[in-house]
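Protein chains: 2
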Amino acid sequence: MSLHTVDPSVDALVARAVAAGEIWAAASAADRVTVLGAVADALDAAGGELVPIALRETHLTEARLTGELKRTTFQLRLLARSAAAGEHLDVRIDHADPDWPMGAPRPDLRRTAVPLGPVIVFAASNFPFAFSVAGGDTASALAAGCPVLVKAHGGHPDLSDATARVVLEALEKAGAPDGLFALVHDAAQARAVLTHPDIKAGAFTGSIPAGRTLFDIAQNRAEPIPFYGELGSVNPVFVTERAAAARAAEIVDGFVTSFTLGAGQFCTKPGVLLAPEGSRITALLREAVLPEAVPLLNDRITEGHQHVREQLRAKAGVDVLTAGTSPQSPAPTVLVAGVEEVLGDLGGLLTECFGPTALVVTYRDEEQLLEVARRIDGQLTATLVAEADDEIAPRLAGLLARKAGRILWNQWPTGVSVTHAQQHGGPYPATTAPGTTSVGTAALARFVRAVAWQGFPQHLLPRELRDSTTTGVVRRIDGRITGEE
Amino acid sequence: MSLHTVDPSVDALVARAVAAGEIWAAASAADRVTVLGAVADALDAAGGELVPIALRETHLTEARLTGELKRTTFQLRLLARSAAAGEHLDVRIDHADPDWPMGAPRPDLRRTAVPLGPVIVFAASNFPFAFSVAGGDTASALAAGCPVLVKAHGGHPDLSDATARVVLEALEKAGAPDGLFALVHDAAQARAVLTHPDIKAGAFTGSIPAGRTLFDIAQNRAEPIPFYGELGSVNPVFVTERAAAARAAEIVDGFVTSFTLGAGQFCTKPGVLLAPEGSRITALLREAVLPEAVPLLNDRITEGHQHVREQLRAKAGVDVLTAGTSPQSPAPTVLVAGVEEVLGDLGGLLTECFGPTALVVTYRDEEQLLEVARRIDGQLTATLVAEADDEIAPRLAGLLARKAGRILWNQWPTGVSVTHAQQHGGPYPATTAPGTTSVGTAALARFVRAVAWQGFPQHLLPRELRDSTTTGVVRRIDGRITGEE
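Protein sequences, first through last, are from chains P and S. For the first sequence, counting from 1, position 205 maps to 205 in our numbering; every step adds exactly one. For the second sequence, counting from 1, position 451 maps to 1451 in our numbering; every step adds exactly one.
Note that these hints are calculated values from the structure, not bench results.
Which residues of chain P face chain S? A partial, calculated answer using Cβ under 10 Å:
{"no.": "1", "residue": "E22"}
{"no.": "2", "residue": "T66"}
{"no.": "3", "residue": "K70"}
{"no.": "4", "residue": "L78"}
{"no.": "5", "residue": "V114"}
{"no.": "6", "residue": "G378"}
{"no.": "7", "residue": "A388"}
{"no.": "8", "residue": "P394"}
{"no.": "9", "residue": "A404"}
{"no.": "10", "residue": "V418"}
{"no.": "11", "residue": "Q423"}
{"no.": "12", "residue": "G426"}
{"no.": "13", "residue": "T432"}
{"no.": "14", "residue": "F456"}
{"no.": "15", "residue": "I477"}
{"no.": "16", "residue": "R480"}
Derived CB-CB ranges, DEER-like:
{"no.": "17", "chain 1": "P", "residue 1": "A187", "chain 2": "S", "residue 2": "T1482", "range": "44 to 50 Å"}
{"no.": "18", "chain 1": "P", "residue 1": "G348", "chain 2": "S", "residue 2": "D1031", "range": "39 to 45 Å"}
{"no.": "19", "chain 1": "P", "residue 1": "P101", "chain 2": "S", "residue 2": "L1370", "range": "37 to 43 Å"}
{"no.": "20", "chain 1": "P", "residue 1": "A187", "chain 2": "S", "residue 2": "A1246", "range": "52 to 58 Å"}
{"no.": "21", "chain 1": "P", "residue 1": "P209", "chain 2": "S", "residue 2": "L1370", "range": "41 to 47 Å"}
Glycine is no exception: its CB is placed at the ideal position from the N, C-alpha and C atoms.
Excised from the complex, chain P in its bound form (with noise of 0.2 Å):
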């Protein structure tokens, strides 16, 4: 249980979640279940040891880390759940058909999916709840059938031995196989591990420079692994004339509020938003009274957040719009640009200043909103603000889906809940698996692969796979798919 002193060698680690791995993959859904609600039950208990530790390492609100930890645990609840129903199995059974069409006998053949086996967690600074130590990319690999050995963030040491504690001592009470979790906190020791043969997946959360690192380490083993990287995105928010006529002061509180949310700490947070030139958005942004500036996580992030800040305002054509002053923190600062400076240096204007800063791009034409939509490289979210009626919605809503894992109709991208058409990815470098999302329960599908039994008895099979009709688990029959048996 004493975490700094488990063997620190890396085949050690690894054999031991190897082993668990063995009997987890093998524990009936619903013992996974009770398991996994062990854990959510002891988190919650722990809440009053856990969330002062967190606001002393994150200096995020008590209210916002009460909040997470209950969306933490209603997490691992809901995954454990919709795993237990089959959700990311696919089941498909097809009976043998002698007459099958395509000039040969089609045998007896049923898949289902198998848990990839274990799997190492980069855990992300901002959430340190949420996406960190018993965050979504575990719950999805545990309740999957996957062992987890998570790299702890630096941002928060304690907080994330002390919610190991927790895990570990639920598992373990619950009955869980020994060595199905463990935490290390050392990098290099991470990185060992990243590419030990027995390790079949990769999860992170965090930057573009390190997801990128780390993804290419994952790609260049002898066996390469599938590695879930959710990295960076600007979260553009597109407004047209239309909407910035009817509704400027609206939309200039919503963007003010979403940006500064967190103190601009969120993956999802809207970084640059497209008006019309000489609306009354830029007029209300430069009269807007922005929140108090707050402490962010730690210095490594407050000294990013001034560098990127800075390195835009020295862009031509950038200017400050409007800015709080602070004498400590960073204080929340928007900035505004014309989009033609934007479309010549879209890398450069168009890059995640993680922190509370945003970037006002002003436009002349419409058009040339569909022109940085066809332009703009992939994002976790892309936002519409526009009229129901607006002739360019559909066209840019079209665009804008093939830029992005999540668009949004007239409401603001942070806060991404957890439910089962929740999608958190996009193509690179918004993710490193565009097909993926980290949030909600499709996130458990990134630690199975099907695999297909062919001819084989009852006795034989995985209990989705025989001929009973009592499964609980949505299949595809012949073909089609019957509903929930």
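Add chain S to chain P, keeping to what the hints say.
The following block gives chain S in isolation, referenced to the frame of chain P:
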């Protein structure tokens, strides 16, 4: 229409694909079914022209080629129909819920999948129809809404041109957008396509070294893209003691038929058979009359087969169990080695020998089957030849499911049926994308990416996300699947 006079510039080729892709992605699923059905009809009608070219270029038999063409057109139609039914979309609708127990209201979220964009397909040599120009990768990418550039395999250039001509003419007649499909022959040009920023995925069937090289190129791009490589496999067959005692003759017959089918030029050829030492299996194999030698696909494959076979024969502990003689073509050959030798040099002895050669591995103790299963690389298939009440069967099946994409029970792995439940994939090096399949309707999912729409009005949603109950697509609504609507 003239294949060798298209603008050779890669930019122009890709630009045409991008333009076509916008139209094709926006086309209705029904329109895609019509267009791909027209392609299938045209290929069926062109059999009299195509099969003779294939005969000349591949040395495969007319019966085999005719059957393969039928499989190919069946596959095109099945994939188009399955795509229209939304099998690959994993549609999820979560209605807004102010009381969502996460601790924050749930917005209206609706998730479906969109085509990735232009795809490059590297054709295989051994299935000149089913895994080539109009084969499974092309069919699944087109059916999923993506334009396709095919790199022709050098083994059948004339057939590739003739097939492409039929496809292009049918596409044009059916009103498909210009540029939706194109063929390239030059390897350097194909690699340039693979690195083009507007190419969004790659698919490949072939050898481990060639596939790994292309995979590495795809992952090292500024924007890494999914690369679906189906590489190599020895497809081990595990024969238990009791099965060997009960059915030696039947097992030997099945094995010889399967490993020599198509002159052993199948990626699912059972290249390794594990049988008890001293069983009738080796005795029967020694006396077996092997099929006559037939020419392989081409000289390069003939040389490759001979080279790997000689390498295997030269290993300490490897003997020839039986071999035909043939002055011209490589004769079917069965090698034999003890399991200790194999466990001492797994990489050297369990290596794919593409062509009519297989290795029998004799074991002394059934526990050694488990050890081999635990230690083998990823496989497309693994086969269990056992009695229903064999004690070792459940443990062995469990291990094999962790190593292979498809596991078989008392059947032979050659012959990969195109069905809903098929899984033709497996952990590396069987494939570069362990969760995916290149055969069957689940192959469609490789070419789409999930997107969530948040808070959109009905008229701006993709058809399958609207409130209508007559979409014809299976949907998970508020967490529950209620069957086809």
